[in-house]
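Chemist: Quick mapping for you: the protein sequence lines, in order, are chains A and B. Take 1 as the starting number for the first sequence in this note's numbering and just add one per residue. Take 113 as the starting number for the second sequence in this note's numbering and just add one per residue.
The set of hints was computed from the structure by calculation and includes no laboratory data. The C-beta atom is built at its ideal place from N, Cα and C for all residues, glycine as well. Treat the hints loosely; a few may be bogus.
To give an idea of the chain B side of the interface with chain A (calculated C-beta under 10 Å), a few residues [to be verified]:
(1) Ser145
(2) Leu157
(3) Pro187
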Amino acid sequence: SQKIEQNSEALNIQEGKTATLTCNYTNYSPAYLQWYRQDPGRGPVFLLLIRENEKEKRKERLKVTFDTTLKQSLFHITASQPADSATYLCALDPSGAPKIIFGSGTRLSIRP
Amino acid sequence: NAGVTQTPKFQVLKTGQSMTLQCAQDMNHEYMSWYRQDPGMGLRLIHYSVGAGITDQGEVPNGYNVSRSTTEDFPLRLLSAAPSQTSVYFCASTRGGGGAGYEQYFGPGTRLTVT
Numbered sequence: 001s002q003k004i005e006q007n008s009e010a011l012n013i014q015e016g017k018t019a020t021l022t023c024n025y026t027n028y029s030p031a032y033l034q035w036y037r038q039d040p041g042r043g044p045v046f047l048l049l050i051r052e053n054e055k056e057k058r059k060e061r062l063k064v065t066f067d068t069t070l071k072q073s074l075f076h077i078t079a080s081q082p083a084d085s086a087t088y089l090c091a092l093d094p095s096g097a098p099k100i101i102f103g104s105g106t107r108l109s110i111r112p
Numbered sequence: 113n114a115g116v117t118q119t120p121k122f123q124v125l126k127t128g129q130s131m132t133l134q135c136a137q138d139m140n141h142e143y144m145s146w147y148r149q150d151p152g153m154g155l156r157l158i159h160y161s162v163g164a165g166i167t168d169q170g171e172v173p174n175g176y177n178v179s180r181s182t183t184e185d186f187p188l189r190l191l192s193a194a195p196s197q198t199s200v201y202f203c204a205s206t207r208g209g210g211g212a213g214y215e216q217y218f219g220p221g222t223r224l225t226v227t
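Excised from the complex, chain A in its bound form (with noise of 0.2 Å):
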């Protein structure tokens, strides 16, 4: 079956340290895979879209890579702080329609 895979634990790193998230997918083989940020009580908000064709991408702080022999894509975020806790979820569109399958997210926690 497909499945797109996150890590279920909640993630808890020291500010100023690299956080480092892992999305997983199978029997899929999507063109596009995103990266979205969110907040309790709040809906997701986009940050990145990486290309099958692009390895790596960055924005400011953020990183991420797309392995599509894999099968997964890497999220970076460097010199973290509190305000970057929150959950990140990944997604994919698998079809190239607009009808974007989202991993269950993981739970990132920076401590002071």
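For chain A, the structure is supplied; the task is to place chain B on it using the hints.
Modeler: Showing chain B alone in chain A's frame:
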């Protein structure tokens, strides 16, 4: 721009009641979607629309109806509410397509409880 708006923010229904969750966007996006979010299960796609008059099913469409008469509005109807539909519902408006990938913009959500 208001972005994506959803009403109501909270709703309590009794089993068997019907209701409509409203969603509107002012970004002139062709694509819109409805998701439900349950603890530990992430966002699951209910229905989506690729334009006025065109809708399609997502992963969990049973018990829900949608229609899209205008670009701006995409209401979600529960015809006969069941406790299993207790959830937080998010509407999203989607930019992109044509080979550029998609970016979704979400509303603030509706928290629905069915007793």
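Chemist: If a hint holds in the structure, say so; if it doesn't, say that too.
Modeler: Against the structure, the hints:
Restraint check, B/Ser145 versus chain A: the minimum CB separation of about 7 Å is within 10 Å; hint holds. The interface hint given for B/Leu157 holds, since its Cβ lies 6 Å from the closest Cβ of chain A, which is under the 10 Å cut-off. Because the closest C-beta pair between B/Pro187 and chain A is about 17 Å apart, greater than 10 Å, the hint is violated.
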